[in-house]
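Asker: Listed below, chain by chain, are the residues.
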Amino acid sequence: MSAPVRGMEASPAKGTDDRHFQTAGQSAETAGQSAETAGQTAGQTAETAGQSAATGGAPYLAALRALPSRRGWLALALAVAVGAWLELYWQLGRFAAWLTYDLLGLDRHTHLASSVDFFATDVPKIFLLLGGIIPVVSVLRSYFPPERVKKVVSGKGELLGTVLAALLGTVTPFCSCSAVPMFIGFVESGLPLGVTFGFLIASPVVNEVALVLLAGLFGLKVALLYVGLGLVVAIVGGTVIGRLHLEDQVEDYVYKIKMGEVAVTRVAFSQRLADAFSYTQDIMSRVFPWVLGGIVFGAAIHGYAPTGFVAHYAGRGNPLAVPMVVLIAVPLYSNAAGTIPIVQALIQKGLPMGTTLAFMMAITAISTPEMVILRKVIKPKLIAVFITVVTLAIVMIGYVFNAVL
Amino acid sequence: MNVKILGTGCPNCVRLEALVKEVAREKGLSLEVDKVTDIVEIMSYGIMSTPGLVVDGQVMSSGRVPPKGEIATMMQPADTQ
Chain A
1 MSAPVRGMEA SPAKGTDDRH FQTAGQSAET AGQSAETAGQ TAGQTAETAG QSAATGGAPY
61 LAALRALPSR RGWLALALAV AVGAWLELYW QLGRFAAWLT YDLLGLDRHT HLASSVDFFA
121 TDVPKIFLLL GGIIPVVSVL RSYFPPERVK KVVSGKGELL GTVLAALLGT VTPFCSCSAV
181 PMFIGFVESG LPLGVTFGFL IASPVVNEVA LVLLAGLFGL KVALLYVGLG LVVAIVGGTV
241 IGRLHLEDQV EDYVYKIKMG EVAVTRVAFS QRLADAFSYT QDIMSRVFPW VLGGIVFGAA
301 IHGYAPTGFV AHYAGRGNPL AVPMVVLIAV PLYSNAAGTI PIVQALIQKG LPMGTTLAFM
361 MAITAISTPE MVILRKVIKP KLIAVFITVV TLAIVMIGYV FNAVL
Chain B
1 MNVKILGTGC PNCVRLEALV KEVAREKGLS LEVDKVTDIV EIMSYGIMST PGLVVDGQVM
61 SSGRVPPKGE IATMMQPADT Q
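Here the protein sequences line up with chains A and B, keeping their order. Counting in my numbering, the first sequence runs from 1 upward without gaps. Counting in my numbering, the second sequence runs from 1 upward without gaps.
Hints listed in this document are in silico derivations from the structure and should not be mistaken for laboratory results. Hints may contain errors.
A short, non-exhaustive set of chain A residues, derived as facing chain B with CB atoms under 7 Å [to be verified]:
(1) P146
(2) E147
(3) G185
(4) G219
(5) L220
(6) I257
(7) G260
Even for Gly, the Cβ is constructed at its ideal location relative to N, Cα and C.
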C-alpha cells in the first residue's frame, strides 16, 4: 500500500470521511460543506476534489471554491439558470413560427410548413422540459433510496404498506438492473408480496419524466390523472397479487438469503446535485434517438396522415380499442419519455386520450426485458399472474380515462 | 486495501469498476478489486440497489456511480483518517 503524501496530510480532516455513515441530525448542506472543507484541508487538487473536467486547470473556479459565500454563488447560478430556462421555454413557439414562416418562408397552409412548425416546437420543448425537471427530481429522490423505502413500509400492515410502497415507488429511482436486489430486499425482510409488487408496478409507471412531459404537452389535468390512475393500478395490482397468496411462486433461494444490516449511505448535497446533472445527461443522451425518431414520426403524421386515420381503427367507436392497444404495448419496452412523441401523434390523429394513456402506461409498466430479469426471483406462474393483473388493471383504467377525459 | 464492486453486470457496475481502477492508478494505490456478481453475496451487504462499492468490508455507496473525487476520498487508507 503506497499512501500518497496528500493522503497523509488529510489527517486534520479526520471524521469528515465518515459522513457516509452519519445518521440524521446533520443536514445535507452541512455535510456538503464539510466535504468541501475536507477537500481543501486535504490539499487535494482541483482534479480530485470535485468535477474534474469542469474545474481542472481553471484557477478562477478554484478561487470561487475558496469564497466563504460559495453557497450564495450557487444559489445565484441556479436562479440565473431557472430564469434563462423559463425565457427559452416561453420563446419556443415564437422561434418555431419564425423559423418556419420567416426564415424558411414556408406557406402557412402546406403540410410541410405544419410539419416543420411541429418539429421545431417539439424537439426543443421536450429537451428543455427534460433538462429542467430531471435534475430537480433526481436531487429530491436521492433522499428516497429503496433501503429507506423498505424501512418506511415495514410493519405497516398489508393495505397501508401497499399504498405507501406505491407512493414511494413514484419517487424512487428505478432501474431494471436493480429490480432483483430490490425484490429480494423487500421479500427477505418479510414484507408481503402485495407490498412488493405495489412498489414494483408504481416505480416504472409513475415518474417525473411522465408527469412533466404529459403536463407540458397535454396539460396538468392529464398529467395528474395519469399519475393518480397509475397509483391506482399499482395499489390494486399489488393488493390482488397479495391476496392470491403466491408466496410459493417465489424462487426458494430468495427466502434463504440473509441480508446484511441495511446500509443507507450518506451523500453530500453538492454531490447529489452533481449526480443529478450527470444523470440528466445520461437520460437525455439515452432517450435522444427515441425522442427524435418519435418526433420525426410525429411530425410526418402531423402534416400528412389524414386526421381520421387512427380514429377510424381505434377511436371511440371501437369498444375493443383499449385492450387492443394495451396488448400491443405490454411486450414493448421504453421509458415514459420515449413514448411521448408517438403518444402525441396518436392523440392528434384522433386516438382518445384514455386509450393513449393506457398505451403509454402498458409500455412502461411491463416489458419483456423486465420479465426476463424478474424470472430470476419468481416462477413463471407468478410472472403470468403479474402480467395478467397489471394488464387488466390498465385496461380498466383506460376505460376510466376515456370516460372522464 | 480490498475493494468490492457489487453488481450483476449492469452498465453502471462496469463504469464504477473502471473508475475505481483509474483512481487507483492515478493515486498509486495498490488495490485488490473483486467483482461480486452473485446476488446472494450482494444482498449480504444490505444494499438494494446496484452498483455497490465496498471498501475493506464497509459499504461506501450504493445505487449510484460516485465521481472520481469521491471515490478517491473513500479509498483513503484507514491509517491516515
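Asker: A separate judgement is required for each hint: does it hold in the structure or not?
Answerer: Checked hints:
Checking P146(A) against chain B by beta carbon gives a least distance of about 4 Å; that is within 7 Å, so the hint holds. The criterion of a C-beta within 7 Å of any C-beta in chain B is met by E147(A), whose closest approach is roughly 5 Å, and the hint holds. Given the 7 Å rule on beta carbons, the hint for G185(A) holds: about 4 Å separates it from the nearest Cβ of chain B. Annotation: interface hint on G219(A) violated; nearest CB of chain B at approximately 33 Å, more than 7 Å.
At a threshold of 7 Å, the smallest CB-CB gap from L220(A) to chain B is about 31 Å, leaving the interface hint violated. Restraint check, I257(A) versus chain B: the minimum CB separation of about 5 Å is within 7 Å; hint holds. Annotation: G260(A) was flagged as interfacial toward chain B, and the flag holds, the nearest CB pair being 4 Å apart, inside 7 Å.
In summary, the numbered hints that this structure violates are 4, 5.
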